[in-house]
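Trainee: Sequence:
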Amino acid sequence: MQDPLIITFRHLESSEAVENQVRQRLTDLQKLYPRIVACEVVIEAPQKRKVTGREFKVHLKLSIPGPDINVTGEASRGEAAEDVNVAVREAFEAAERILVERKEKLARH
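Under the numbering used here, the residues of the sequence shown are numbered 1 to 109, in order.
Rather than coming from a laboratory, the hints here were simulated on the basis of the structure.
One or more hints might be untrue.
Claimed, not checked - Subject to a maximum C-alpha distance of 20 Å in a straight line, what follows is the list of computed PhoX-like cross-link-like pairs (lysine-lysine):
1. 57 / 105
2. 57 / 103
3. 105 / 31
4. 31 / 61
Bear in mind the structure is a predicted one, so any value in this text is a computation, not a measurement.
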């Protein structure tokens, strides 16, 4: 990857553990699709605490040759809504599915 990984935390304190999880997930994606040029990750919590807890969102932008990949992962209310790791996992799994589809499409041509 030519450009650095950019991780931004909105409405919550930065966390080394979460940053490490993001770096590991990105490393795994690069093994699958080595043409990733840049990655921007925004980890976001709502500004106001809801009665049911905080719902974290992770916005992921992968810059690759061709159209960029933009996905959002969320920790839903029903399951571990307060766990930012769920949202990170959801975002990277969605990106992985898109990368696999794109890789298969390129292989067919």
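Trainee: If a hint holds in the structure, say so; if it doesn't, say that too.
Mentor: Checked hints:
1. 57 / 105: 29 Å, violated
2. 57 / 103: 26 Å, violated
3. 105 / 31: This hinted pair holds, its Cα atoms lying about 18 Å apart.
4. 31 / 61: 17 Å, holds
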